[in-house]
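Listed below, chain by chain, are the residues.
There are 2 protein chains.
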Amino acid sequence: MGWQDIAADKRSRIAASIPAEWNIKPIPDGQATFDYPATSGVLSSQELDLTGYSATELVAKLAKGEVKSVDVTLAFCKRAAVAQQLTNCVHEFFPELALKQAKELDEYLAKEGKTVGPLHGLPISLKDQLRVKGLETSMGYVSWLGKHDEEDSVLTALLRKAGAVFYVKTSVPQTLMVCETVNNIIGRTTNPRSKQWSCGGSSGGEGAMVGLRGGIIGVGTDIGGSIRIPSAFNFLYGIRPSHGRMPYGKMANSMEGQETVHSVVGPIAHSAVDLRLFLTSVLQEKPWEYDSKVIPLPWDSSKEDAAKAKLKSGLTVGFFNFDGNVLPHPPVLRGVELVVDSLKKNGHKVLPWAPYKHDFAVDLINKIYVADGCADVYKDINASGEPAIPNIKNLLNPDLPEANMVEAWNANLQKWNFQVDYLTKIREFEAQNGELDCIIAPISPTAAIRHNQFKYYGYASAINLLDFTSVVVPVTFADKNVDKKNTEFKPVSEMDETVQAEYDPEAYHGAPVAVQVIGRRLSEEKTLAIAEEVGRLLGNAITP
Amino acid sequence: MGWQDIAADKRSRIAASIPAEWNIKPIPDGQATFDYPATSGVLSSQELDLTGYSATELVAKLAKGEVKSVDVTLAFCKRAAVAQQLTNCVHEFFPELALKQAKELDEYLAKEGKTVGPLHGLPISLKDQLRVKGLETSMGYVSWLGKHDEEDSVLTALLRKAGAVFYVKTSVPQTLMVCETVNNIIGRTTNPRSKQWSCGGSSGGEGAMVGLRGGIIGVGTDIGGSIRIPSAFNFLYGIRPSHGRMPYGKMANSMEGQETVHSVVGPIAHSAVDLRLFLTSVLQEKPWEYDSKVIPLPWDSSKEDAAKAKLKSGLTVGFFNFDGNVLPHPPVLRGVELVVDSLKKNGHKVLPWAPYKHDFAVDLINKIYVADGCADVYKDINASGEPAIPNIKNLLNPDLPEANMVEAWNANLQKWNFQVDYLTKIREFEAQNGELDCIIAPISPTAAIRHNQFKYYGYASAINLLDFTSVVVPVTFADKNVDKKNTEFKPVSEMDETVQAEYDPEAYHGAPVAVQVIGRRLSEEKTLAIAEEVGRLLGNAITP
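So the sequences go chain by chain: A and B. All residue numbers for the first sequence refer to our numbering, where the first residue is 1 and numbers rise by one. All residue numbers for the second sequence refer to our numbering, where the first residue is 545 and numbers rise by one.
Pulled out of the complex, with its shape left as it was, chain A reads as follows (with noise of 0.2 Å):
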């Protein structure tokens, strides 16, 4: 079989896993499928009500045995197959297998009269970057179909000890390493909003799957960006833990052993409270015994009360809007504003951060990502004969050469020099306003993006480089009413010029705009809190 026939094919086994009666006919053909899944017919009225709560809120009734997890489960399985008919964001579907495993564990409830875990029956949605026993982990590989998962990750493992379901399996771009979602198995996932908007990437079958509420937490990871732009571009919650937080053992990953720059692996939600239900649930497990790169850190609410405390007494945050390197477009601008003016509202200092030399971080993290020449991802690319996607070649150039180890070396060391200096700034900064609590910043230049535009990471992946913790806040939607075309714009460089000619009020009206939260590396407790403050200021706190 050519790659073609056997991408045709994956792309059937994952028609055939959606059972008939969950398809919806005729597809929607407008650009919005946002609203569609309430109409669909396919979820009865008490399976919307299911797929609308929160996670914690959810956990906390199927502890008590109010809701059933075959019924969450069978809800969120409905809701997922409508989500991938409207977005195209499945890599593989497995509602037999999850309805199974909700069965058991609401026996075990039954019988034992207590729960498995702290996600007792709540299912979770999956990255296609975690591997389940049994199934077909592929990243956008037409290369890796066919071969099933002996073992679980860790994560997957640690994740089902705490009660988790498992059902679905989310698209990412080949070789995870652009921020949209395409490949030549499944072609592109698209955003609910508007099918001429990007779901962002590579969590982008996460983005679009969550945003949808086909999935309540997904799973992704993020190297630069991969958690937190979906989130952005889809109105969601999303936390970039620090390296060592979270457990990334066994997982499918390109460019594995690259360790200048981890990858790592965080959940994507409708709201901080429920990013916070992961990270604990996950951590009550132990995960430094498991996976050796896990910090043994427990989750700690006394850091979480602390945090708390300064949100009262008033909270010392920088910000910028301009990383050097790339103007943000007219609604992410705005968007930081909103935030940095309903955070002085409240009675917090707000003062201006001045990026310390982002440029140079972004040019390192990019030599980073190509050090073996690009060898690792055309490997597999290759192997089946698969052409590279569109995007590949702004971050991965294959007439790149490798990098020897002197190159290697020299980039971990100007790296930790970049951190160390970095940490100079905080201090002087600290020096002169008392503790910077957060920095505010856009997470991307722009609001979702229009297919095959994304082009700049540097807002996203500089925060990779440092390993600070980062937490995505949605903030507003881009108004071309409001979000006029910059007319004093002076680029400073080819890329900026680039970015900023995308720009087109109309185009964007309506796309979501996001700011990252950023703190300290593994401050996730009390990154977390700023956030689901900022979140709160903006009436974002929860969305439906």
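Since the hints were derived computationally from the structure, they do not count as laboratory data. Where hints are given, some of them may not hold.
Claimed, not checked - DSS-like mimics (lysine-lysine), calculated; alpha carbons at most 25 Å apart, straight line:
#: 1; chain 1: A; residue 1: Lys357; chain 2: B; residue 2: Lys888
#: 2; chain 1: B; residue 1: Lys794; chain 2: A; residue 2: Lys425
#: 3; chain 1: A; residue 1: Lys286; chain 2: A; residue 2: Lys161
As the list claims (entries may be wrong) - Derived CB-CB ranges, DEER-like:
#: 4; chain 1: B; residue 1: Glu1038; chain 2: A; residue 2: Ala431; range: 55 to 61 Å
#: 5; chain 1: A; residue 1: Pro390; chain 2: B; residue 2: Glu974; range: 47 to 53 Å
#: 6; chain 1: A; residue 1: Pro401; chain 2: B; residue 2: Pro942; range: 21 to 27 Å
#: 7; chain 1: A; residue 1: Asp421; chain 2: B; residue 2: Thr1042; range: 54 to 60 Å
#: 8; chain 1: A; residue 1: Glu435; chain 2: B; residue 2: Lys677; range: 24 to 30 Å
#: 9; chain 1: B; residue 1: Ala559; chain 2: A; residue 2: Asp421; range: 37 to 43 Å
#: 10; chain 1: A; residue 1: Glu435; chain 2: B; residue 2: Ala850; range: 53 to 59 Å
Unchecked claim - Residues from chain A that keep clear of chain B, each with C-beta distances beyond 12 Å, as calculated:
#: 11; residue: Gly2
#: 12; residue: Arg13
#: 13; residue: Pro28
#: 14; residue: Ser44
#: 15; residue: Lys61
#: 16; residue: Pro118
#: 17; residue: Gln284
#: 18; residue: Leu333
#: 19; residue: Asn366
#: 20; residue: Asp421
Don't be surprised by glycine CBs; every beta carbon is placed ideally from N, CA and C.
On the provided structure of chain A, position chain B as indicated by the hints.
Chain B in isolation, oriented as in the chain A frame:
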């Protein structure tokens, strides 16, 4: 100037840094110099007393004003000068700067009525890898001489903030990558107990200096035993903290940027209590605000309390005395046995631990050390024209090819997989036996070794690959009347045969023997508490 002249100049500068009245003449020509400082006449009896306290006692006295830092510093400067003349363990000696610093601290205390920090006025000895503003860091390379550091290393700066006084930087082997201490600048550093034995390495100058109480706490580094071997060879305690616990920022190093296995920094001292003083004092300064690699993990005394409770209720201890590669000499086998018996006798459960794939681990770490084809170290050696020291080729063969990126990333991945598998073995053990509190093992296959005979690093380096916390505890001394040659010995490898052939009961009579107490990653609180108890059971908890 040729390299010989540069080296000779440095030697004469070291000699000139010792005030004439601290010179001992004639230098004793016996093999053992261990007891000499007490009768050298350089120190008054009061000064001898001051150098006899533990660091913990001294900082308490200093804080109360019962002793002055200038007196303590002067005593240690004198004793360090004697140690240098006996063992050749110094690279930089600067008593004037030290006494000036001590005077300022005394004045501060007198004026402010409080200390600057937990190490107020305490002299701390530094391995010649830590930078002190204004001084040279040669690290044993002739080509590095003549440059003066423009700033302190992060650790130096934080120790200074905590009140430490600096007076000496101690000798290391050329490259740091061997476990004996010899370079072309100062020659060889010897063991205070016999000139025939090595002081260990690469923190060998610290081993000799602290061994002779020319230092009370010395700072070493360890990427394959370099803290633990000198501790063992000098009947001292030493801790290899896990990576990320102590700040390594802005220190000199070989192979900077090699991050598959990290060198770590930690103290060498006469007691576990003094090791703890060092760790708690540094952590109090929040090193994570200065060095991005340090995990924000303050000292957690609740973990110590839990460990102490476990000491009462009974530990579960694993042990091994053969890693499958190289059988230790009889004194070391007896050392492990002594510890095992002692633990058992005191109600602890001690079970065999099967060292999982240590052969693989040792091979892998040896490959990691030479990933750049040894380019980095030979560049610095060749820059002056000096020859390589004899021991180097044990680990660093200049004829090796450089790894490529695929191999380098593969090494990262192999290390991670090995660590994860090791955690699985621990969980399997625990499923049978309950929580594994620590593992007792040899740190070297030999007691303090004869010169040029250190060949096998595996007992130490496998633990570096795992990044486990490890504390060396002094146990006993080789005894020709007990530790007979092993007549049943059947070598499993050439290395095994070579190492065992070196054993000679007569030559090793009296040489220090130690074990390492190994705990999980980042278990400094617990592992140190257990190590302290092991020392106590052996009667080695406080040494003169």
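Do the hints match the structure? See the list:
Simply put, lysine 357 (chain A) and lysine 888 (chain B) have alpha-carbon atoms about 58 Å apart, too far for the 25 Å limit, and the pair is violated. With a C-alpha separation of about 16 Å, the suggested pair lysine 794 (chain B) and lysine 425 (chain A) falls inside the 25 Å cut-off, and the hint holds. A distance of roughly 11 Å separates the Cα atoms of lysine 286 (chain A) and lysine 161 (chain A); the hinted pair therefore holds under the 25 Å criterion. For glutamate 1038 (chain B) and alanine 431 (chain A), the hinted distance range of 55 to 61 Å is satisfied, since their beta carbons lie about 59 Å from each other.
Between proline 390 (chain A) and glutamate 974 (chain B) the Cβ separation comes to about 51 Å, which falls inside the hinted range of 47 to 53 Å. The hint said 21 to 27 Å for the Cβ distance between proline 401 (chain A) and proline 942 (chain B), and at roughly 25 Å that hint holds. A beta carbon spacing of about 47 Å between aspartate 421 (chain A) and threonine 1042 (chain B) contradicts the range 54 to 60 Å that was offered as a hint. Range check, glutamate 435 (chain A) to lysine 677 (chain B): Cβ separation about 28 Å, and the 24 to 30 Å hint holds.
For the pair alanine 559 (chain B) and aspartate 421 (chain A), the beta carbons lie near 39 Å from each other, so the given range of 37 to 43 Å is met. For the pair glutamate 435 (chain A) and alanine 850 (chain B), the beta carbons lie near 31 Å from each other, so the given range of 53 to 59 Å is not met. For glycine 2 (chain A), the non-interface assignment is confirmed: its Cβ lies about 28 Å from the closest Cβ of chain B, beyond the 12 Å cut-off. With a cut of 12 Å on Cβ distances, arginine 13 (chain A) stays outside the contact zone with chain B, its closest approach being about 30 Å.
Listed as a non-interface residue, proline 28 (chain A) keeps its Cβ farther than 12 Å from every Cβ of chain B; the least gap is roughly 45 Å. Residue placement check: serine 44 (chain A) keeps its beta carbon more than 12 Å from all beta carbons of chain B (closest about 44 Å). With a closest Cβ-Cβ approach of about 33 Å to chain B, lysine 61 (chain A) is found to remain outside the 12 Å limit, as its non-interface label requires. For proline 118 (chain A), the shortest C-beta to C-beta distance to chain B comes to about 21 Å, beyond the 12 Å cut-off, and the non-interface label holds.
For glutamine 284 (chain A), the shortest C-beta to C-beta distance to chain B comes to about 17 Å, beyond the 12 Å cut-off, and the non-interface label holds. Every CB of chain B lies more than 12 Å from the CB of leucine 333 (chain A), the least distance being 30 Å, so the non-interface label holds. The claim that asparagine 366 (chain A) lies off the interface holds: its Cβ sits roughly 16 Å from the closest Cβ of chain B, which is beyond the 12 Å cut-off. The beta carbon of aspartate 421 (chain A) sits about 9 Å from the closest Cβ of chain B, which is not more than 12 Å, so the claim that it is off the interface is violated.
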